[in-house]
Amino acid sequence: MTLELSAEEEAFRDEARTWLRANSPGRLPSMDSAEGAVAHRAWEASLAAAGWSVVSWPVEYGGRGASLTEWVLFEEEYYLAGCPTRIAQNGISLLAPIILEHGTPEQRQAYLSSMADGSVVWAQAWSEPEAGSDLAGIRARAERDEDRGGWVLNGQKTWSSRAAFADRGFGLFRSDPDAQRHAGLTYFLFPLDADGIVVRPIEQLDGDAGFAEIFFSDVFVPDSDVLGGVGDGWRVAMSTAGNERGLSLRSPGRFCAAADRLVDLWRERGEAVASVRDAVVDAWIRAEAYRLYTWQTVTHVQAGGSVGAEGSLNKIFWSELDVDLHETALELLGADQELRGPGAPAEGSWVDDHLFALAGPIYAGTNQIQRNIVAERVLGLPRGDSGRAR
Amino acid sequence: MRFGTTEEQRDFAAALHDLLQRVDVPTVARAWASDDTGPGEKLWGSLAELGLPALLVDEEHGGIGAGAVDLVVAFGVLGRHAVPGPWVESAAFAPVLLRGVDGAGDLLSSLSEGRLRVAAAVEELAPRAGDVRGADLALLVRGTEVHRATVGAHYTSVDATRTPADLVPAAALGDAGPEVARAVDHAALATAAQVLGAGQRMLADAVGYVCVRTQFGRPVGEFQAVKHLLADVKVALEFAAPLVHGAALALDAGAADATRAVSAAKVAATDAAWLSARTALQVHGAVGYTLEHDLSLWFTKVRALSSAWGTQDFHRRRVLDALLSAASAR
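Top line first, the protein sequences correspond to chains A and B. Under this note's numbering, the first sequence has 77 at position 77, and the numbering climbs by one with no breaks. Under this note's numbering, the second sequence has 157 at position 157, and the numbering climbs by one with no breaks.
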């Protein structure tokens with residue numbers, strides 16, 4: 001594909017490629033296991049030491065001040081080099097943009113560098129038992145404690161990704177009990193080993209403790225760990241939701257690398273399972289489409305545009321591509337498709353990645369909510385009683 | 001890095017769009033379909049004044065010497081407006097093909113002036129020419145040999161504005177060599193852009209309709225079942241579009257993977273446009289299932305063009321063959 005890259009951009013890509021291919025540890029044990037979490041933190045530390053952990057951040061916090069183009073180039077190279085999933089992902093892509101935009105200088109100093117080198121892993125705490133797709137139904141509360149200069153958190157969060165092996169969390173709490181829905185919410189940062197916090201890991205479909213419940217009973221958080229304004233949490237958090245759905249959570253490199261592996265799998269096994277030929281081709285085409293769509297978005301953003309509700313198009317596309325691609329691979333594996341671990345083809349990585357992919361259409365706003373958003377905010381259909389898409 | 005059209009290309013699209021907005025294209029298309037080609041020929045002349053058939057002709061022969069990106073910008077607009085006539089053959093295929101044929105300079109000049117409408121068939125791709133109505137010149141390609149042809153038996157297309165026909169070779173024009181493959185790529189890509197434009201138009205019209213059609217006391221566009229159908233169409237169209245643009249860039253750059261890119265674009269654009277057509281038909285209800293409604297113009301065109309310049313199977317095979325023969329897929 002013909003991208004008009006500048007000399008600097010090409011040099012950046014080549015430097016990233018060289019380092020990543022020389023240093024990639026390949027696949028590590030699941031980051032949602034005790035053993036894997038340690039290995040993934042070590043990988044984050046070596047990335048950070050070489051300056052590749054957070055390329056788009058300012059230099060003072062460990063980044064390279066890379067442009068959006070360079071960031072996408074880095075992500076392509078990252079996955080083409082077979083590098084592992086990022087245990088620091090939620091912090092880097094969901095929380096850090098908010099700290100950089102809304103955080104105090106002290107918060108930036110305290111939290112960014114340790115996030116970048118994997119020494120402090122962050123877990124998100126959005127959902128609650130009664131607030132899933134309808135996130136504005138948050139009930140966990142924050143009460144003012146003037147004497148100690150902070151807030152007291154109570155309630156329950158659930159489906160908190162990475163919480164089982166993380167150090168700190170971020171999430172929304174209702175700080176004004178009289179306010180409804182999007183109003184009266186405040187964004188808090190807290191240590192997961194604070195007094196009054198209990199983390200109960202939940203085994204996911206893949207058998208790993210990829211998320212957890214977090215129970216809060218009278219957990220004190222100082223004012224210095226309020227992110228953004230008191231009562232302004234919804235607006236602050238929605239800038240992360242945009243990131244999560246849009247560009248940053250799923251970079252195209254991951255799907256392109258998976259699609260290339262799928263073509264290799266077809267090379268090995270395609271003769272025996274000819275019926276999935278079109279699905280192999282379509283998975284590759286869709287990954288390529290996602291890659292080019294991303295470049296189109298980068299061009300749009302660099303010209304001063306923004307990604308609004310269009311992020312929902314993105315989220316629907318990559319999450320469904322991810323599932324379909326891996327199901328095609330499972331078809332190619334024939335009767336081996338149920339096998340996991342030792343003795344399975346590719347150590348069961350197709351099965352593991354398929355199970356991982358299945359969460360995509362659910363998290364960060366289900367794809368049904370995303371379709372409401374596309375219909376109402378992108379196409380302009382009447383809202384009616386279809387529920388309030390956030 | 002930049003991946004998108006230039007301001008000049010967007011202005012060109014806007015000029016074409018403005019022209020077609022002023023003409024009642026559905027009426028022109030219906031006339032064309034009933035062999036009243038006068039209004040269509042007049043429209044051909046207007047589009048020629050804007051330079052459409054001259055895009056790919058070099059300046060030496062009175063053309064503009066533009067590239068595939070300009071071509072897909074233009075064909076997207078033609079698709080949006082359901083413009084009838086052998087535009088792909090005349091403005092995308094023939095200009096590239098005839099570049100490779102010695103002594104075809106006069107034909108190129110006539111093409112660029114809009115004085116020549118071309119019917120064409122490539123034997124390896126299809127058993128007949130897709131559209132011969134209103135054509136002044138018929139070209140049949142066997143291998144890399146280009147022949148002038150006469151028109152044999154006619155057929156009826158599901159798209160009433162198209163007239164498929166057998167071509168019978170009459171006189172050899174010459175060997176176009178590697179330009180045959182490039183011409184086919186340009187034609188397939190222009191077709192992809194055209195169906196994508198048609199798909200975008202059908203989505204816009206479907207959205208408009210569900211906002212005004214009421215049942216159970218509310219616009220049917222309020223129902224989530226309808227919303228989600230239309231959202232899926234939007235996703236499919238949005239992600240097909242960059243493949244079309246990317247393939248055009250690859251063709252213009254003479255990239256080694258250009259053919260693969262064209263085929264990927266044709267597959268995705270056709271699938272997206274057909275999803276749009278089916279969905280538009282569904283949400284329009286019974287009125288969409290009539291020839292009287294203009295939806296039928298776009299619907300039947302997308303159906304017909306889905307196999308023009310290579311079937312979906314042909315293009316999927318080309319993508320896979322290219323992937324398997326490459327040392328590395330990317």
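The set of hints was computed from the structure by calculation and includes no laboratory data. All values reported here derive from a predicted model rather than from experimental measurement. The beta carbon of each residue, even a glycine, is placed where N, CA and C say it ideally should be. Be a bit skeptical, because a hint or two may be false.
Unchecked claim - Across the chosen pairs, the derived CB separations fall in these ranges:
1. Gly62/B x Glu331/A: 37 to 43 Å
2. Arg108/A x Pro178/B: 53 to 59 Å
3. Gly270/A x Thr6/B: 51 to 57 Å
4. Pro127/B x Ala136/A: 57 to 63 Å
5. Leu291/B x Glu203/A: 42 to 48 Å
6. Ser119/A x Ile64/B: 56 to 62 Å
7. Val230/A x Gly4/B: 56 to 62 Å
8. Asp324/A x Ser46/B: 55 to 61 Å
9. Thr214/B x Gln180/A: 17 to 23 Å
10. Ile202/A x Gly67/B: 53 to 59 Å
Evaluation of the provided hints:
no., hint, in the structure
1, Gly62/B x Glu331/A: 37 to 43 Å, "54 Å, violated"
2, Arg108/A x Pro178/B: 53 to 59 Å, "58 Å, holds"
3, Gly270/A x Thr6/B: 51 to 57 Å, "41 Å, violated"
4, Pro127/B x Ala136/A: 57 to 63 Å, "60 Å, holds"
5, Leu291/B x Glu203/A: 42 to 48 Å, "58 Å, violated"
6, Ser119/A x Ile64/B: 56 to 62 Å, "60 Å, holds"
7, Val230/A x Gly4/B: 56 to 62 Å, "42 Å, violated"
8, Asp324/A x Ser46/B: 55 to 61 Å, "44 Å, violated"
9, Thr214/B x Gln180/A: 17 to 23 Å, "31 Å, violated"
10, Ile202/A x Gly67/B: 53 to 59 Å, "55 Å, holds"
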